[in-house]
Each structure stands twice: as structure tokens, then as C-alpha cells.
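Following the hints, position chains Z and R against chain L.
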Amino acid sequence: MKINTLLSIFAPKDVKFFPMLEETAALLSQSSAYLQELFSCDDKAHREELCKLIKAEEVKGDKVTGNIIHELNNTFITPFDREDVHALADVMDDVLDVINRCAQKVQLYQPQRFPSHTVTLVEVIKKGSDELQSAVNELSNIKKTDLRLRAHCKEIKKLEEEADTVYEEAITYLFSQETNAVELIKLKEIIQELEKTVNKINSAAKVITSILVKYA
Amino acid sequence: MKINTLLSIFAPKDVKFFPMLEETAALLSQSSAYLQELFSCDDKAHREELCKLIKAEEVKGDKVTGNIIHELNNTFITPFDREDVHALADVMDDVLDVINRCAQKVQLYQPQRFPSHTVTLVEVIKKGSDELQSAVNELSNIKKTDLRLRAHCKEIKKLEEEADTVYEEAITYLFSQETNAVELIKLKEIIQELEKTVNKINSAAKVITSILVKYA
Amino acid sequence: MKINTLLSIFAPKDVKFFPMLEETAALLSQSSAYLQELFSCDDKAHREELCKLIKAEEVKGDKVTGNIIHELNNTFITPFDREDVHALADVMDDVLDVINRCAQKVQLYQPQRFPSHTVTLVEVIKKGSDELQSAVNELSNIKKTDLRLRAHCKEIKKLEEEADTVYEEAITYLFSQETNAVELIKLKEIIQELEKTVNKINSAAKVITSILVKYA
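Protein chains in written order, with the numbering used here: chain L, 1 to 216; chain Z, 1 to 216; chain R, 1 to 216.
One chain only, chain L, in its complex shape (with noise of 0.2 Å):
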């Protein structure tokens, strides 16, 4: 018997960790969705549910955080790097949070229209967030899915530059053509809510790039 396949048996790859990160993408992508159907909606009644359901996926995602926080603290060996798993966990939380932020914000200022920019804008958030999970369940089996990994992260940079562009049209037009201050204010807001979600969902697939430096 060699030392590594004794060690191996001490250090057993905890595989406990894929479902949850797997779960967490699911609500990203499911949350997404809803935001989706958001700013495209204009019964007042639907918003507002629309709202709560993405509240509720902010609040399932808090869960499965934690539960994997918690299991970290009491797991000796973990798949990848302790901090790698938390580093993913954490960041997937984040654009939970921020989706959520946008929905709130879309209902506490109740603007009058949506420019076609934030249309598109969630568009882009929907397509990242579901390269975001394709990346995401395919991280239990890194060593075969290489290839595949490296392009959801590559597609979802692309995303991000789109988003980029989009963002500065959508704000230069506010700004040059809003002529009314509160809606400029309400519109700009959730403009930059919008971009930021773009920007965590990035954050994400770096975090991944950097798993898949150290062991693909």
C-alpha cells in the first residue's frame, strides 16, 4: 500500500460540498428568472410577488451559506481549498443579495417605464447566471470537464463586457435625456444595482478560473 492511497483514506475528498455550491447556482439561476419577468412586467399585483419570490431565493441561498460555511468549519479535507470553497459560496451569496437589491429597489421607487438598456441589462444577468451554474455543476468532475469550465468563464467575461457597454449607453442617456430628477435618481439607481449583479456573476467565474489554475 502506498503512503498516498493510506493518506487517502485519512483524507477521503469530502464530495458534500458539490450540492450545495450546485444548489446555491440553482437559486441564482431561478432568481434571475424572476428578475427577468420583473422588467417586463407591469401589473403592479405581479411585481410584487415577483419580489417576494426573489426575496425568498436571497433567503434559501442565506441557508445554504451557511450550511456550508459551517460544514468547512467542521470538515478536515474539503474538495478544494477550504477558502476556495467559502471564496465561491460567498460570491454566489453576493449576487443573491444583489439581485434582490435590484427587485426591492424596482419596488420601493415604483419608476414610471424601464429603459430598453435595463431590459437588456437583464438579459445579461439571466444568460450569466445560468453559465454560472453550468460552471458550477461541473466543478465535481474538474479534471474532465476542463474545456467545458474554461468556457462558461470565458462566455460569462464576454457577458460582463457587454454588460459593460450597455451600462455606460444607459447612463449617458439618463443623464442627457431624463429631464425629470426623480426619475433620473430612481432609474440610475437601479441601473447600477443591474450592473453590479453583472459584475458579482463575474466575480464568481473568476473565482472558478482560479480553481481551475490549481486543479484541472
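Worth flagging that the hints you see were computed from the coordinates, not collected in a lab.
Treat each hint with caution, since some may be false.
Intra- or inter-copy, both count: the list cannot distinguish identical chains.
[To be verified] Straight-line distance between alpha carbons at most 35 Å, and here's what the computed DSBU-like set of lysine-lysine pairs gives:
id: 1; residue 1: Lys-154; residue 2: Lys-196
id: 2; residue 1: Lys-16; residue 2: Lys-44
id: 3; residue 1: Lys-52; residue 2: Lys-214
id: 4; residue 1: Lys-144; residue 2: Lys-206
id: 5; residue 1: Lys-188; residue 2: Lys-143
Coordinates of chains Z and R only, in the frame set by chain L:
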């Protein structure tokens, strides 16, 4: 002589951190009291004085936090994990900072009036700070005061949820009633800063809860 | 052969970090120079060019910071604590980011004019960046340049206090004089971003001060 006893000679529980943490908690409670006074005060000169007093508490807090971190770097054994003491000191310092930012915004923006929501939020901040101070004062005796500590943290959580509701009402009120865009900007930022303060107090309570999980 | 000398063979002070830190400091100083030019420039085309140049410095900074962190992960012994190098690289990267955000906001918001306070703040940023660069350039010789290093950090602290006063005057001026709410929003955000830049430069100086305490 048992090995544990022997070890405890070389690793005495270092108790000097408790008075320093308690000092920060006391500054925080004092600072909240000034803040509450600020939001019910119409006299410009007295307002200015209160802002200076709040700033002074923040400066004192910086010093104590600096001392705590200095001691952490030079002490082999701390009563809790080094990281927990650091986290608690940091987050209480954050509370002092954000209270100071609230006061500074009131002073710089000079809003025409304070909506009743702001008065309620400041009241929640004072209550939360006092609960936090009580919790910190029990830390040095964590095993005996387990239940009381938990009660303080739960009360802070409840206050934070209360503040969430008040915050949402405040922002909804502002965006639907305030027609003066400049006043709206002023009050929105002040209200957001107040809500951040409550959140930070709750973050401090979360650090204490996580210490409880490990040591009580 | 003394044990210390022996150890130093296995633990050679790794000097490759200094040129990288110095490179980031140089980018930062260049970026501040462009920012200063931006705030005294009326020509729209030249402004746009300056924003692109600032963005380019930020991108270069990202690369150097990435290299520093990559090297830190692959080097056993670093000249200072791994964490100190990391913290300094990170905070200088933050300065480049926030300078870029200042420029981006000028470009997107297109304010009608720059109040004199903004020009003063940008001047403070340039001076602070130059002091920071001088400090970083002395780091490789920390024991001999102890006093000069401290002087640079003190000067940055003084600049930060100066900027605090200018910031407060600027915001007070804006809220009492600017009647156009949209212009007020634009200028307020730009002024806040400039103040953040000064704070970040001071954070970098604080990291250097904490290195000084340990090694000089």
C-alpha cells in the same frame, strides 16, 4: 500535574482584550445617544456640537481598535480565536464609522426636516447599540452567560428586521411624496446611512453568535 | 557559520516584488496626472482621450497586481510578510480603479462645469500619488530609508485631512448653491469619488506604515 494544567501555564487566557472590546462598545452606545439627540434637535449650534462629539467617539474608537489589533499581533494566546476578536473589533469600529457618516451627512446636507421614519430608525440604532454593549459586557464570562448573550443577539436581529420595514416605508414615502428633488437626495442618503448602521450592528451580533457557537 | 546565516541561504529575500510594486506606483502617479489634466480640460475630444488613457493604466495595473499575486502564491519567502505585499498591491490596485471611476463619471455625466473644489481635490490626489510613489520606491531599502518613508506617509495623512475639509466645503456648497438637481447629482457623485481616491491613497500609506512598524 495534568498536561492540560501544564499547558495552561504556558498559554494563559489573555483577558486584556475584554476591557478593550467593552470600551469600544461603550463608545458606540454613547455615539448612538448623541445621534438620537441630533435627530430631535432644531438648534443649529447644538447640532454642530453633537456632530463633533460623534466624530470624537469615532476617533477614540479608531485608537482602541488600533490597540486591539496591535495586541492581537503581539499576543500568542487570545481568549477566543484571534480572528474572532479581530472581527468583533473591526465591525464595532465600522458601526462607529457609519454613525459618524450619518451625523456628517446631516451636518453637510442640512435637510429642512426629519421625517418621522428617521426618528424611529435612530431609536432602533440606540436600542441596538445598548443590546450590543450588554452582549459585549457578558463575553468575558461566556460559559455562564450563554443564554443572556443569545437573548441580546436575538433582540438585535429583531430590531434589524423592524428597521428593514421602517426603511422600506421611509423610501416609499420619500419617492411618492417628496417633490423637491434636492431634499429627496438629502433624505434618501441619510435614511440609507441609518439603515446601514442597523445592519452593521446586526453584523456585530452575528460575530458574537458565531463566537457563542464555538465557545459556549 | 551561524544558524541565522545558514537559514538565510534557504530563505533568500526575494526581491522581485519591489519592481512590481514600483511599477504599480508609477502607473498610479501617471493616472493621477491624466486625471488632473481631465479636470482642467474643456475640449471634449481630449477629455475622451484622457479617459481612455486612465482606463489603460487601470488595465495595466490589473495585470501587474495579477502577477504579484501569482508570484506570492508561488514564492516561499517574500521580502515582507506575504500578507503585507498582498495588501499593498491590492490597495494600489484599488486606487487605480477609483481614479478610473472618477474619469468614467466625468465622461458619462458630462457636468456643465467643475467647481473649484474638484480642481483642488484632483491636485491633492496628484500630490498624494507622488508621495506614495516615493514611499514605494524606498521600500526595497526599508532599514536605511525609515525616516524618509515615515515622512511620505505623514505627508499623505496631511493631504487626506486637507481633502476632508475641501470635500465638506464642496458638498455644503453644492447643496446650498446648486439649484439644478441633475447637475447636483452629477457633481456630488464625482466629488465623492474624488474623496474616495484620497482615502484609498491614505489606506496605501497605512499599509506602508504597518510594514514600517514591523521591519524598519
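Checked hints:
no.: 1; hint: Lys-154 / Lys-196; result: both (18 Å within a copy, 31 Å between copies)
no.: 2; hint: Lys-16 / Lys-44; result: neither (41 Å within a copy, 57 Å between copies)
no.: 3; hint: Lys-52 / Lys-214; result: between (39 Å within a copy, 34 Å between copies)
no.: 4; hint: Lys-144 / Lys-206; result: within (19 Å within a copy, 40 Å between copies)
no.: 5; hint: Lys-188 / Lys-143; result: neither (43 Å within a copy, 50 Å between copies)
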